[in-house]
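Protein chains in written order, with our numbering: chain P, 1 to 617; chain C, 618 to 807; chain B, 808 to 1555.
Simulated from the structure, these hints should not be mistaken for lab results.
Note that the coordinates shown come from a computational prediction; the quantities given were computed from them, not determined experimentally.
Built from N, CA and C at the ideal position, the CB exists for glycine as well.
Among the hints, erroneous ones may be present.
[Claimed, not checked] EDC-like mimics (lysine to aspartate or glutamate), calculated; alpha carbons at most 20 Å apart, straight line:
1) P:K496 - B:E884
2) C:K654 - P:D272
3) P:K537 - C:E736
4) C:K659 - P:E295
5) P:K487 - B:E950
6) P:K557 - C:E786
7) P:K496 - B:E857
8) P:K113 - P:E129
9) P:K316 - B:E846
10) C:K654 - P:E274
11) P:K255 - P:E132
[Unchecked claim] If you want the footprint, here are the derived chain C segments under chain P, 3+ residues with CB under 8 Å:
12) 642 to 655
13) 672 to 686
14) 777 to 785
Here is what each chain is made of, one letter per residue.
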Amino acid sequence: MKQYRTHLLVCAGTGCVSSGAFALKDALEKEIAGRGLKDEVLVVTTGCNGFCERGPILIVHPDNIFYQRLTPADVPYLVEEHLLKGRPVPKHMYVPSAGIEPVPRMSDIDFFKHQRLIVLRNRGRIDPEKVEEYIAYDGYEALAKALTAMTPEAVVAEVTASGLRGRGGAGFPTGRKWALCRREKASPKYIICNGDEGDPGAFMDRSVLEADPHAVIEGMVIGAKAIGAAKGFVYIRDEYPLAVARMGIAIGQAKERGLLGENILGSGFDFDLEIVRGAGAFVSGEETALIASIEGQRAFPRQRPPYPAQQGLWGKPTVINNVETWANVASIIRRGAAWFSSLGTETSKGTKIFSLVGKIKNTGLVEVPMGIRLRDIIFGIGGGIPGGREFKAIQIGGPSGGCIPKDLLDLPVDYESLTQAGAMMGSGGMIVMDQDTCMVDIALYFLRFTQEESCGKCAPCRIGTRQMAEILARITAGEGSLEDIKKLETLALTVKQGSLCGLGQTAPNPVLSTLRYFREEYLAHISEKRCPARVCKNLITFFIEPEKCVGCLLCLKNCPANAISGERKKVHVIDQAACIKCGACFNVCPAKIQAVAKYTGEEGRALLDERPAPAEP
Amino acid sequence: MPRKKKTGTVASGTVFPVMKKAAPSPGRTAAREVIGKYGGRKRAVIQVLQDLQERFRWLSVETLEAVALELDVPLAHVYSVATFYKSFSLEPRGRHICTVCMGTACHVRGGTAVLEHFERRLGIPAGQTSPGGEVTLERVNCLGACALAPLAVVDGRYYGQMNESKANEVLKPILAGRDAPPASDKGPVD
Amino acid sequence: MTITIDGRSIAFEGRPTLLEVVAANGIFVPSLCDHPGLEPYAACRLCLVEVQGRKGFVPACSTAAEEGMVIRTSTPELVALRRGILELILAEHPHACLICSEKTSCDDFKSTIRKTGEVTGCVLCPANGRCQLQKVVGAMGLEVVPFPSHRRPGEVRRDDPFIDRDNSLCILCGRCVRVCREVRGASVLTFVSRGSGTVIGTAIDRRLIDSGCQFCGACVDVCPTGSLADRAVRYERLPETEKKSVCPFCGQGCSLTVGLREGRILGSAPDPEGRVNRGQACVRGRFLVKQAVHHPRRLLRPLVRENGSLRNATWEEALALAAERLAKFGPGEVAVAASSQNSCEDLYVLHKFAAEVLKAPVVVGTWSGSAAEGLRALGRAAGQAVSLNFRMSDIGFAGAILILGEDLPRAQPMVGLQVNKAVARGAALTELRIPSGKEELFLTALAALVPKASRAAAPDADGGKTFKAHLDKADTAAAARALSISKKELLEVSSRLADPKPSFFLLGPDFVSGVAGLGGLAALWNLARLVGGRVIPLDREANVRGGLVIAEAFSARLSAGPVRTGTSGQPKPRALYLAGPYPKLEPGEAEFVIVQGSYDDENSALADIVLPETTSFEAEGVLVNIEGRAQLSAQVLEPLGEAKPGWWILKSLAAKLGATGFGFDSAEDVRRELAAAAPAFGKAASPAGLGDDEFLAEEPAGAGAFIDIESVRSRDARRPPGASRDADDYKGLHLARENKSLKLVRGR
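Input sequences plus hints: build the corresponding full structure.
Now the structure itself:
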């Protein structure tokens, strides 16, 4: 293999690609060629680094310098300075917050330094479209071990001993699932990788599939050997075209190298893998629904038991694990159960990837040991809330999860603690919310989501989520009554206990958890017709403070409803009758002026009464 | 001449080749091609529809019928599947497609306002196509690019940290009706 | 095995679901999506129960009972949960009447206000009184629905034959979709869209009739609400009584439940316990019974010809006149026609009357030319027993099926369901349509292509050697060319027929009555023999097998020979006694014609005397279906007008003619004598013996030997050609011509 002095690792995850990673890569290659560095410097595209908000990202290897938010225009200077003169360029480095020195090395950046990478170990360092790069970092070593030096029973035992639990939902022990399926006599057996990552706000599976598809393949082949399956399916959301493409390339390469297909590594074991694309249905993430979808049916879940491990795809024993779970397997086999289980807590072993998004400074994917405190994720890694705002809650587990308030920031992140707190591990979406987030609105958001994504098969979920969403809509519109809270609680119980599958059984969680921790916000909406976060349109009034307005016409020009009147250098006024409360004026009013204010409740109504809209000129 | 033929309701799973009158239509030909790619397996109906949707941008009745016929599955099944999954559009879609992400991260960062802005600018509610077939506005539940929230995708390009003025910029060529590629929303069969 | 339910120890056998166990023991657990004929679905969630040791609640419909389980069905928590779910269901279903405190006092007016476009409450609903949702609400005592209600989307669809669809009443239990796909193999109805927008519909929202629907009515029968309704009864009041009978419209013998009110039939539905049909029927049995029985063309009074035209007469008058005229003809001068749509009792007395009173040369019956008769003739020609009995359910386990000359969905829908089952289980299905004289070529080519191993297994004895020699001469390539089928295709069919699972050759009357002849039948027989398969005769009339057995019992006493063949030197009959179909009479064709029938037709119009006969629903009688199953079809209503059962008419006429031995007082009397005269009936016809699973007795036939094709071909000329009956013809009433809706269905 040709040796290069320096590797330029351009992140080509979806985030960076949409921020122009490929334009950056082209510019780099052109510049390098132009400077005659072609034999010394290699430009490599890698999978997602997780720090997507800072894209496009460039890491200079082996210096470990982390550049962010680069444009092609930055390239000539960067190449000249860093690659020719050996002087890293501080102006493109990460700055934690204003006034602090830039951090040159990736490993020194808060976002990265607290992480512990098992699943994401290859992120940003290999080209996911090149199997040899995966192999160079110990790839397929575990497979060779499992196929040649271990019995299937030993593999199952190892996974069981590691304490690995499903990373996509309720956290069922993976080893137990495999053992159950292995015991079944029916054949053929199947294994499935659930890559139908539907939780809004979570994208770890996408990232793993894009950044390290071979890790998933290796895990699946090991799993197939362990349970005795000859055929597997990788089910990937259609919204993830890049993941589909990379997985396709990886499968092709693995087949070429005898890592997949017939007689794998000469061991006599055959295993074939096929990609199935989802078609836009959140419920397909439920394992029985996913099976129906692979079978070419509507993604209707069915009653369990029998579990898929007993009767799954085409009625045959089937093991389904999600992407992150499969991606853990090779490391466990390679490094041993003891090593894996030394990480994490008593009941939750290993690491977990979270997507840290929302109102947080450093957004992106983080992999951390189980048991880490929420505070350490949000403030240690995430850098806290931007704009000097206050942390309010963190939503974990998507539509099945719940909102955890400030008081519980010291909660250790493991399956049991999260469930007790009314949230759920789920696939690991963490959406940070600040004082400007209305918790009733968030509950409504999720219930609308589940109502829309309910498959419609069972009555409690189909009708219950709809009724709950309607009550929440009523409350956010200021038309709720105290009785509605009771109704919500009763309905939540009916839907939770009555629904057929996990989607319905957990759908009420966002309501229950917000009712549990933010009941006063519900009461404010109902009793005072006030939205404390100033989000719910019916309950807020936009108002231009005359004493602050400088008459710049900016809001007037941006108002889509032509509800603002005024002249240059004169105070502008909002016609409340015409205002559609889109917030455009609030958003465009320059930060140093901040003349547009949002009022709610009594305050807002008083303002309306005192200063009626001026008559038409 | 003895003719082997399957009857309507009796056979839903014949294994013997059935003599089909090959009606030469683009839909049939396309369906046959795509189905061949999946080895003619009935279970691939979703994948087949996806590929055909990619080709024609939407699924016309003729396309659905061709798939049912070529895959030898009931039309009701094809229709049922096509109406279940959101990826499928049974109506012609616009020459331009705008998608606004409504994932949680986008929602807390103002995604709803972005969608409303798109609706106002394009003059159509989400899920619809402008009367002239110029543009379709869609909402999606999460594109998994949450770090870029709020996110919009216009003609396949991702635009992060979306806001009103950025949206105006992005939509300018569409609203001006420029860059309109030749109409291709006719569907497979005339 | 035992389980404990609500503290009660309950024994059970087999592998029932918990719901089946509670239902069998009279414990109330509501359910709206489960149905005995369908796979568990677990969608309505009303049957949730508590199982000790299991987390949460489990649906009883999809949980198997296991030894030692401890179940609770009515804890306060469960009752509250079920109530909560039911409230949700009602939020999307018109429920004003369901929770109305005045509902009892409203009952009397139900029928008067049911004719309405939109259903807003039970009193306006076609399912009022037979709605399962209504029953569940009643049992659970719901008084309030605490949510705003939503009308489910969609207009009421009335643009199809027979069936109205109203989505606003639908609770999405999916029974109709499942029965349409799982049981009927039709997949006409399906779920459209998803979530709260889900509706039951058809592909592209087309009409049922444009979606391949056969209008079997199964969806209507499983619908727990009024969402799918039988249009003909939706405005009718509920039946006063319901009686079971055997459907006489085809040869399969489905059990029907017939609803009656004020001496009239309201409607019919398949009997869930029916041995043949297990709750299924076809468009005729489901929707046309009422119309067939109460048809304006029914013959309801005896008619006699006077001054060239027919006039009403009393039975006494008509019978006396008939006897007087018949007495004038000598032996061999009166020919008799019979119908295998009549009961065994009718046919027996008719044969006896023909043989003993009229001394007729022949009773020409519609069993002639039937598939069963063809196989019988083949057996006779080859000198071996040919077994005709079979069980329809066996077809469901076939490895391969070859259909010859029958339109299963239309003429043999129950057989069709078994074929679907077999196909779903992986069977290969080939249909040979349009007989053309090349059947033998086709069948011989298939036999010649049977894999060598299977051929070698056929014993040389039993004529195997001759047959194999015959096959060795076959030029399969030439056959393929002649048939315009690729040899590869032929080979594939052939190798699938040799499947280790049994192959079934479904032999329809079109194949037999076509030009196939005995040579073709022999080729079929040998092919079946070679691959270890069975030949199944499918016939279209209700009592072909019974007719055949009775005819055989009398064959020695009648001088066999066709009526009006015109070729033989037989004299033309001078008089005709027509108790069955007969070619259209030419004026003056016979000196005297009696028609005994249920509907007027062109022959009855030319008759001298018309004797009105009951339909199958008005008289008890045994019908032997295609399987050889003898079923007692019960009388469900009093004979209309002055119609009488066939046996009664003939025994009365015999009495008038002074014949002895016709002293029957009931159908049962006839059966007693029939059992003695036709041993095949054995127990089946003895009054006590008619259980619901009786078959005609047959000589044990074994697999039978290979038949020498050439030798039977030479004996072929003796068989009379028959005409296969139109599947929609009932005793001269052509259902599809008479009923606009059926005409639409058939006309596609």
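Taking the hints in turn, this is what the structure says about them:
1. For the hint pairing P:K496 with B:E884, the CA-to-CA distance comes to about 13 Å; that is within 20 Å, so the pair holds.
2. Proposed proximity of C:K654 and P:D272 is supported: the alpha carbons are some 17 Å apart, at most 20 Å.
3. Between P:K537 and C:E736 the CA atoms are separated by roughly 17 Å; this keeps the pair inside 20 Å, and the hint holds.
4. About 8 Å separates the Cα atoms of C:K659 and P:E295, which keeps this hinted pair within 20 Å; it holds.
5. A hinted pair counts as satisfied when its Cα atoms are at most 20 Å apart, and P:K487 with B:E950 qualifies at roughly 17 Å.
6. A C-alpha spacing of about 15 Å is found between P:K557 and C:E786, which places the hinted pair at or below 20 Å, so the restraint holds.
7. In summary, the hint linking P:K496 to B:E857 is supported, as the alpha carbons are separated by about 15 Å, within the 20 Å threshold.
8. For the proposed pair P:K113 and P:E129, the alpha carbon gap of about 27 Å is over 20 Å, so the pair is violated.
9. Pair hint P:K316 plus B:E846 holds up; C-alpha atoms about 18 Å apart against a cutoff of 20 Å.
10. Under the criterion of a C-alpha separation no larger than 20 Å, the hint pairing C:K654 with P:E274 is consistent with the structure, at around 13 Å.
11. For the given pair, P:K255 sits about 13 Å from P:E132 by alpha-carbon distance, which is consistent with the 20 Å threshold.
12. With a threshold of 8 Å between beta carbons, the proposed coverage of the region 642 to 655 of chain C by chain P is violated, since 0 of its residues qualify and at least three are required.
13. Closer than 8 Å: that is the beta-carbon criterion, and the region 672 to 686 of chain C has 0 residues meeting it against chain P, so the requirement of 3 is violated.
14. With 4 residues bearing a CB less than 8 Å from a CB of chain P, the region 777 to 785 of chain C meets the requirement of three and the coverage assertion stands.
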